[in-house]
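A.B. asks: If you're matching them up, the sequences are chains A and B in order. Using the numbering used here, the first residue of the first sequence is number 1, and each one after it goes up by one. Using the numbering used here, the first residue of the second sequence is number 1, and each one after it goes up by one.
Please keep in mind that the hints were generated in silico from the structure rather than gathered at the bench. Treat each hint with caution, since some may be false.
For the chain B half of the interface with chain A, some residues (derived, Cβ under 8 Å), not all of them [said to hold, decoys possible]:
| # | residue |
| --- | --- |
| 1 | Leu17 |
| 2 | Asp36 |
| 3 | Gly74 |
| 4 | Ala78 |
| 5 | Thr118 |
| 6 | Leu155 |
| 7 | Trp160 |
| 8 | Leu266 |
The calculated lysine-lysine pairs, modelled on BS3-like cross-linking and capped at a C-alpha distance of 25 Å, are [as the list claims (entries may be wrong)]:
| # | chain 1 | residue 1 | chain 2 | residue 2 |
| --- | --- | --- | --- | --- |
| 9 | B | Lys13 | A | Lys176 |
| 10 | A | Lys153 | B | Lys26 |
| 11 | B | Lys135 | B | Lys13 |
| 12 | A | Lys153 | B | Lys13 |
We put the CB at the ideal spot given by N, CA and C, even for glycine.
Next come the chains, spelled out residue by residue.
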Amino acid sequence: MPPTDLPEAAQRRLSESAFSSALNVSDFAACVEMGLQPVGLVQGFCAMQQGMYAMGGGFSRALSPYGGSQGGYVQNYQCPHGMISNEHRMWGQNYQQTWVENAWMEGFTSSYSRMLEEAGEVGAHGVVGVVDTVTRLTDAQVVEFHIYGTAVKVLGTPAPTTPPWSTFLAGQRLSKVFEAGFAPISIVASIASIRVWAYCMTEYLMGGAGMMWANSSGPQEIDQVVTALSQARFIARSNARAQLGSDSLRGANLQLAEREYEKGDLEIQAVLRGNRVRRFKEFDPLAVPQATVRLS
Amino acid sequence: MSLETPKTSLDVKAEILRAVASLAQKPPATGTSTSDLSIDEELNLHSIGWEPVELVSGLSVFSAPAGMWNWGQGEIVAASEAHQRAFNNAITRLNNEAAKAGGHGVVGVHVERQVYSTHIEISLLGTAVRPVGAKPVEALHVFVSDLSARDFTLLMVAGWQPLGLATGASFVYAPRRSVGTVLQQQSQNVELKNYTEAMYSARETAMERMQRDALALKGDGVVEVKLFEGPMSFASHAVGFAVWGTVVRLAKESHHSVHPTAVVSLNDVDVAFDSAVLA
Numbered sequence: 001m002p003p004t005d006l007p008e009a010a011q012r013r014l015s016e017s018a019f020s021s022a023l024n025v026s027d028f029a030a031c032v033e034m035g036l037q038p039v040g041l042v043q044g045f046c047a048m049q050q051g052m053y054a055m056g057g058g059f060s061r062a063l064s065p066y067g068g069s070q071g072g073y074v075q076n077y078q079c080p081h082g083m084i085s086n087e088h089r090m091w092g093q094n095y096q097q098t099w100v101e102n103a104w105m106e107g108f109t110s111s112y113s114r115m116l117e118e119a120g121e122v123g124a125h126g127v128v129g130v131v132d133t134v135t136r137l138t139d140a141q142v143v144e145f146h147i148y149g150t151a152v153k154v155l156g157t158p159a160p161t162t163p164p165w166s167t168f169l170a171g172q173r174l175s176k177v178f179e180a181g182f183a184p185i186s187i188v189a190s191i192a193s194i195r196v197w198a199y200c201m202t203e204y205l206m207g208g209a210g211m212m213w214a215n216s217s218g219p220q221e222i223d224q225v226v227t228a229l230s231q232a233r234f235i236a237r238s239n240a241r242a243q244l245g246s247d248s249l250r251g252a253n254l255q256l257a258e259r260e261y262e263k264g265d266l267e268i269q270a271v272l273r274g275n276r277v278r279r280f281k282e283f284d285p286l287a288v289p290q291a292t293v294r295l296s
Numbered sequence: 001m002s003l004e005t006p007k008t009s010l011d012v013k014a015e016i017l018r019a020v021a022s023l024a025q026k027p028p029a030t031g032t033s034t035s036d037l038s039i040d041e042e043l044n045l046h047s048i049g050w051e052p053v054e055l056v057s058g059l060s061v062f063s064a065p066a067g068m069w070n071w072g073q074g075e076i077v078a079a080s081e082a083h084q085r086a087f088n089n090a091i092t093r094l095n096n097e098a099a100k101a102g103g104h105g106v107v108g109v110h111v112e113r114q115v116y117s118t119h120i121e122i123s124l125l126g127t128a129v130r131p132v133g134a135k136p137v138e139a140l141h142v143f144v145s146d147l148s149a150r151d152f153t154l155l156m157v158a159g160w161q162p163l164g165l166a167t168g169a170s171f172v173y174a175p176r177r178s179v180g181t182v183l184q185q186q187s188q189n190v191e192l193k194n195y196t197e198a199m200y201s202a203r204e205t206a207m208e209r210m211q212r213d214a215l216a217l218k219g220d221g222v223v224e225v226k227l228f229e230g231p232m233s234f235a236s237h238a239v240g241f242a243v244w245g246t247v248v249r250l251a252k253e254s255h256h257s258v259h260p261t262a263v264v265s266l267n268d269v270d271v272a273f274d275s276a277v278l279a
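Chain A on its own, in the form it takes in the complex (with noise of 0.2 Å):
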């Protein structure tokens, strides 16, 4: 056995004959049913600290506005009413929280890797029914991200020789994956986090007072904070794509996450999962469902 750096515990659990797995009845049955056998549940996990008022997080107005990007997206907004004053914000920005994906990623991959080191232990060729949550542990700055699924073994087929594949699916829905012409290859997860600083505009709009200045009468739409907004859907989706190489996405799920910490002072987080899938044959289309009315 190769020399790993799993605790002792990890080691001895997995070394064992028996298996343990974190699918209910139906689903194990619909595994073994498809030729995968369950091997171990695996797992990983990874506490972080968020760097959130660390050095260049440019969290106090009074740094520089134009701090330039963490090499990220960063767009700034100038004050049109040529106005000096201190309570008027003369500038705005945009920027994306670089170091804060980064921390949220390395959380993430860390614990990624370490399920898919204990999944290499027992020998399995993917792990099935993957199940990922990140919660606060014990302090407002601490986050742990754990990762687990159940190994499994694909009957028929020589010891892997790659890197085991992962997927959120299992049981049946893994089933149809598998008819629908798609192999799993991994998990993926990818972070957006975009800071909105106001400018004059954006706070009176956001404040419901942008009319007198803005010499308008009707609604106006809130330029900064849809572009801020619509920016952390895209990198979402973007940094999603990078990892996809020439895969596809599957059954993506988008979580958006809001907070306003003063008129048009935001913090917005988007957080994109799913699985990545590969085309191993050609389009098949199914029959036309047959549609049927249940009588219960």
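The hints should help you fit chain B onto chain A, whose structure is shown.
C.D. replies: Just chain B now, kept in the frame of chain A:
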């Protein structure tokens, strides 16, 4: 009518072996796609020769004057206008994003709306779809629909096509009664006619606006209309109504009946495992 057996009965075990063997090969250089449809929805799309292309979104945030919610009579015009324009801009952005990705339409659109005292936010998220391998079309011809891929399939099989989302909103001031009237009516069971009339007209106005959208899209009707109504948490005398639904048109000469077969399930009642709910 006899029960037909499926066209092909796939040997899943053999498919899995084939899939696993393919992983050792060089991946094919096919185009990538993204989708938030379930696998069942994707198989439904496959059955009518459609495929998902890209996860797309469109959104808009409109400002509304802060003080407008409290005093006035009749419709709160600025709020209705902000809602309508935000919804329309979000739809246009979704259309453009889907067209850019090569989609012919967007299905399963999730609509999220937030009405605050100072701004209104509309956010749409769905999956762009197209007939397998079809060429891109102009944004003008891309439809947006909040029907699930399953309902979209059923609609297409029945000879109908979705044309777009129609929406309407109306915000009104709940009428205030004079002190005298309040005292007079305090101990009576009585219809508050001014209330009834105000609510009636606001609801009809919202529906009328939606219908106008549907006619502009040259639709025959609107399906899956959702109606949201209720008081504004931040204003004691304001009520809002919002409706939207998918505009459809009969694409073939006549409606094609799907002739459902009656079935009796022999399954035990049980709840399937869903790993997503554990997250």
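A.B. asks: Next pair to validate is Lys13 (chain B) with Lys176 (chain A); report whether the Cα-Cα distance is within 25 Å.
C.D. replies: Distance of about 12 Å is within 25 Å: holds.
A.B. asks: Is it true that the CA of Lys153 (chain A) sits at most 25 Å from the CA of Lys26 (chain B)?
C.D. replies: holds, 22 Å
A.B. asks: Is the interface hint satisfied for Asp36 (chain B)? The criterion is a beta-carbon contact with chain A at less than 8 Å.
C.D. replies: With a closest approach of 4 Å, the Asp36 (chain B) hint holds.
A.B. asks: Please verify that hint: Leu17 (chain B), Cβ, nearest Cβ of chain A, below 8 Å or not.
C.D. replies: Holds - the Cβ of Leu17 (chain B) comes within 8 Å of chain A, reaching about 6 Å at its closest.
A.B. asks: Checking hints one by one. Is Trp160 (chain B) an interface residue toward chain A, by the C-beta closer than 8 Å rule?
C.D. replies: violated, 15 Å
A.B. asks: Return the status of the interface hint for Thr118 (chain B): holds when the least beta-carbon distance to chain A is below 8 Å, violated otherwise.
C.D. replies: holds, 3 Å
A.B. asks: What's the verdict on Lys153 (chain A) and Lys13 (chain B), does the C-alpha distance respect the 25 Å limit or exceed it?
C.D. replies: holds, 13 Å
A.B. asks: Are Leu155 (chain B) and chain A close enough, Cβ to Cβ, to be under 8 Å, as the hint says?
C.D. replies: violated, 12 Å
A.B. asks: Regarding the hint that Gly74 (chain B) lies at the interface with chain A, is the smallest CB-CB distance below 8 Å?
C.D. replies: violated, 17 Å
A.B. asks: Return the status of the interface hint for Ala78 (chain B): holds when the least beta-carbon distance to chain A is below 8 Å, violated otherwise.
C.D. replies: Constraint on Ala78 (chain B) satisfied, holds at 5 Å.
A.B. asks: Answer holds if the nearest beta-carbon of chain A is closer than 8 Å to that of Leu266 (chain B); otherwise answer violated.
C.D. replies: violated, 11 Å
A.B. asks: Quick one, are Lys135 (chain B) and Lys13 (chain B) close enough, alpha carbons at most 25 Å?
C.D. replies: violated, 35 Å
Checked against the numbered hints given earlier, this structure breaks hints 3, 6, 7, 8 and 11; the rest are met.
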